[in-house]
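Novice: Each chain, written out:
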Amino acid sequence: LEYFLTEQQKTIKSLARKIAEEKILPVRAELDEKEEFPRAILKNMADADMFRIFIPEKYDGLGGGCLDLCLVVEELSRVCSGVSVCFAASSLGTYSLIEFGSDELKQKYLPAIASGQKLAAFALTEASAGSDVSGVRTTAEKVKGGYLLNGTKQFITNGGEADMYTVIALTDKARGPRGASAFLVDKGTPGFTFGKKEKKLGIRASATTELVFRNCLVPASNMIGREGVGYVMVMKLLDRSRPGVGAQALGVAQGALEAAVDYTRTRIQFGHPLIAIQTVQQMLADMAIKVEAARLLVYSTARTIDAGVKNFTEESAMAKVFASDTAMQVTTDALQVCGGAGYMKDYPIEKMFRDAKITQIYEGSNQVLRDVIAFELRKRRGKRG
Amino acid sequence: MNIAVCIKQVPGTTKVKIDPQTNTLVRQGIENIINPLDTYAVEEAVRLRERYGGEVIVLTMGPPQADAVLREAISHGADKAVLLCDAAFAGADTLATSYTLARAIARLDNIDLSICGRQTLDGDTGQVAPEISEVLGLPFISYVSKVEEISNGRLRVQRLVEEGYETVEAPLPAVISVVKEINTPRLPSLRGLSRSKSAVIPVWTAADIGADKSLVGLSGSATRVVKIFFPKRESHGEKLSGTLECQVDSLLERLRTAKSI
Numbered sequence: 237l238e239y240f241l242t243e244q245q246k247t248i249k250s251l252a253r254k255i256a257e258e259k260i261l262p263v264r265a266e267l268d269e270k271e272e273f274p275r276a277i278l279k280n281m282a283d284a285d286m287f288r289i290f291i292p293e294k295y296d297g298l299g300g301g302c303l304d305l306c307l308v309v310e311e312l313s314r315v316c317s318g319v320s321v322c323f324a325a326s327s328l329g330t331y332s333l334i335e336f337g338s339d340e341l342k343q344k345y346l347p348a349i350a351s352g353q354k355l356a357a358f359a360l361t362e363a364s365a366g367s368d369v370s371g372v373r374t375t376a377e378k379v380k381g382g383y384l385l386n387g388t389k390q391f392i393t394n395g396g397e398a399d400m401y402t403v404i405a406l407t408d409k410a411r412g413p414r415g416a417s418a419f420l421v422d423k424g425t426p427g428f429t430f431g432k433k434e435k436k437l438g439i440r441a442s443a444t445t446e447l448v449f450r451n452c453l454v455p456a457s458n459m460i461g462r463e464g465v466g467y468v469m470v471m472k473l474l475d476r477s478r479p480g481v482g483a484q485a486l487g488v489a490q491g492a493l494e495a496a497v498d499y500t501r502t503r504i505q506f507g508h509p510l511i512a513i514q515t516v517q518q519m520l521a522d523m524a525i526k527v528e529a530a531r532l533l534v535y536s537t538a539r540t541i542d543a544g545v546k547n548f549t550e551e552s553a554m555a556k557v558f559a560s561d562t563a564m565q566v567t568t569d570a571l572q573v574c575g576g577a578g579y580m581k582d583y584p585i586e587k588m589f590r591d592a593k594i595t596q597i598y599e600g601s602n603q604v605l606r607d608v609i610a611f612e613l614r615k616r617r618g619k620r621g
Numbered sequence: 278m279n280i281a282v283c284i285k286q287v288p289g290t291t292k293v294k295i296d297p298q299t300n301t302l303v304r305q306g307i308e309n310i311i312n313p314l315d316t317y318a319v320e321e322a323v324r325l326r327e328r329y330g331g332e333v334i335v336l337t338m339g340p341p342q343a344d345a346v347l348r349e350a351i352s353h354g355a356d357k358a359v360l361l362c363d364a365a366f367a368g369a370d371t372l373a374t375s376y377t378l379a380r381a382i383a384r385l386d387n388i389d390l391s392i393c394g395r396q397t398l399d400g401d402t403g404q405v406a407p408e409i410s411e412v413l414g415l416p417f418i419s420y421v422s423k424v425e426e427i428s429n430g431r432l433r434v435q436r437l438v439e440e441g442y443e444t445v446e447a448p449l450p451a452v453i454s455v456v457k458e459i460n461t462p463r464l465p466s467l468r469g470l471s472r473s474k475s476a477v478i479p480v481w482t483a484a485d486i487g488a489d490k491s492l493v494g495l496s497g498s499a500t501r502v503v504k505i506f507f508p509k510r511e512s513h514g515e516k517l518s519g520t521l522e523c524q525v526d527s528l529l530e531r532l533r534t535a536k537s538i
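Those sequence lines, one after another, are chains A and B. Numbering-wise (the numbering used here), the first sequence opens with residue 237 and increments by one. Numbering-wise (the numbering used here), the second sequence opens with residue 278 and increments by one.
Keep in mind the hints are simulated off the structure, nothing from the lab. It is possible that some hints are incorrect.
Listed below are the simulated DSS-like cross-link pairs for lysine-lysine, each with C-alpha atoms no more than 27 Å apart in a straight line [unchecked claim]:
| hint | chain 1 | residue 1 | chain 2 | residue 2 |
| --- | --- | --- | --- | --- |
| 1 | A | LYS593 | A | LYS619 |
| 2 | B | LYS504 | A | LYS279 |
| 3 | A | LYS254 | B | LYS357 |
| 4 | A | LYS246 | B | LYS357 |
This one's a predicted model, so the numbers in the text were calculated from it and none came from an experiment.
Model the full assembly from the supplied sequences, consistent with the hints where possible.
Specialist: The structure is reproduced here in structure tokens:
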């Protein structure tokens with residue numbers, strides 16, 4: 237399909253592909269095996285201005301939109317979504333600041349994010365709070381000189397590796413989620429340490445850790461937005477970032493489809509290549525249809541957001557759910573048509589299969605997001621303008 | 278610290294075809310690329326600018342379409358580029374090419390260091406860099422694998438030799454040629470790509486660089502390509518037979534006859 241990308245978007249896409257194929261492809265299996273954080277690759281990406289894409293021009297960025305970011309994430313994920321998520325998580329950790337931060341705070345952090353000097357992370361999840369945001373227990377008590385943070389965040393992407401963390405904490409416990417606020421916390425702030433690094437099924441090149449706050453004093457100037465707007469900010473942020481997870485899933489699915497076609501073209505059984513067998517052709521065709529449909533939904537949602545449409549909760553949930561379910565189905569079928577070879581670590585598909593799963597889980601599980609879609613559907617009584 | 282980098286557009290293949298009639302490269306159907314070894318020269322220049330400041334100016338002599346490799350160098354971090362293009366430059370051998378490039382470097386005026394790749398993929402001579410230094414009357418260091426330091430108008434580098442490296446110093450301005458061990462060229466950047474698209478690249482003719490017309494192009498070339506051919510590789514293998522002792526004796530005798538032992 238023709239997606240009518242601008243010249244700049246085409247440039248971004250082709251440069252992201254170049255990085256993926258030249259820098260990530262040769263090391264992806266090793267990064268996955270060793271659960272190694274891809275420092276050198278992130279440096280390559282910074283040198284190529286990739287971290288500038290999502291930063292406004294005023295702060296040394298390129299002022300790109302949601303679609304520009306999705307194109308990068310898709311291309312990187314096509315080769316390794318473990319690496320792409322390190323990049324995407326930094327944009328997630330930066331977005332609240334861009335949208336709600338004070339100019340002073342933006343001046344202090346955004347140029348360093350844009351140049352790739354600093355990496356960011358976003359911290360919401362806790363042992364008691366996943367899909368249920370009201371379960372957040374981390375507190376931020378107002379004291380002289382700022383706020384005192386106490387609590388533990390879990391499953392934080394880029395944990396330990398990022399230089400700055402957007403942390404959601406309760407400034408007013410009595411008000412529950414309506415008493416939540418967002419803070420920017422620098423790595424190295426006294427009272428802020430990292431807990432255990434998780435061992436994961438997939439996206440193993442990325443780092444996932446606990447963040448532990450024990451009487452961690454954060455200056456009041458590091459609060460993003462006003463007190464008590466944390467919950468609203470998070471909801472807005474996740475609506476906006478979900479097409480990015482969709483793009484990640486889309487990239488994984490695209491990579492698996494290509495690997496499956498490559499393998500079935502060359503694998504000879506019963507005297508001809510697997511791809512000449514009708515059953516295999518049907519499976520590959522279904523995979524291709526789903527991948528293209530996912531791309532259409534992800535790109536269109538990203539464009540909707542970039543066009544300045546106000547409410548895109550439903551579309552964004554749809555893009556994420558459809559693309560991630562597609563990634564799981566396509567990687568499953570890709571592995572199936574590759575048979576025993578697909579199951580072996582010498583081939584890339586088993587990794588893609590493992591990497592696909594998380595996209596159905598994080599930034600809103602697909603079940604919760606279907607609830608969200610159904611809620612919107614009830615509101616608009618199923619009608620479309 | 279202003280640096281000139283001389284690059285060349287070459288056919289993107291090592292399987293060159295020669296037109297038997299004209300003894301020139303067949304360029305049809307072959308994508309042109311920046312000479313791979315020149316990418317190390319561009320990268321080193323950009324790194325030196327990052328260390329010492331100044332500007333990186335890329336030069337190439339070639340047809341109008343050679344503009345593409347100059348833009349590519351800009352996307353990888355070079356600041357400016359100049360295309361040396363004139364019908365009078367056509368048919369140049371390494372001597373005439375070096376003279377032309379040297380004149381352009383002289384015209385740029387304040388160049389402290391000129392960098393070339395070790396050799397090109399197509400011509401393969403490795404002569405242009407030393408010849409440029411000769412024309413300019415500047416010191417030349419070949420096979421540079423590391424630039425250690427530039428201070429007080431002097432350059433200290435490591436140059437690869439067969440069994441290790443030498444550390445060499447030279448006063449600036451100077452000319453060096455670099456080997457691929459010197460760095461890993463970076464990928465283009467988005468800002469670089471956008472600059473490379475909008476960059477205005479001046480085209481300099483023989484008159485612009487004040488070149489003596491008898492020293493450029495075919496008329497300035499001291500060599501002529503008379504014939505190009507692929508050397509026939511003949512191997513004279515011989516299999517010895519008989520018992521092991523017999524074979525060893527036979528081999529020893531041959532080696533003695535050949536005065537190898």
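Novice: Each hint should be assessed against the structure and marked as holding or not.
Specialist: These are the hints, each one checked on the structure:
The straight-line distance between the Cα atoms of LYS593/A and LYS619/A is roughly 32 Å, outside the 27 Å bound, and the hint therefore fails. Taking the CA atoms of LYS504/B and LYS279/A, the gap is near 49 Å; set against the 27 Å cutoff, the hint is violated. Taking the CA atoms of LYS254/A and LYS357/B, the gap is about 24 Å. The hint holds against a cut of 27 Å. Note on LYS246/A and LYS357/B: the hinted pairing holds, with a Cα-Cα distance of about 24 Å set against a maximum of 27 Å.
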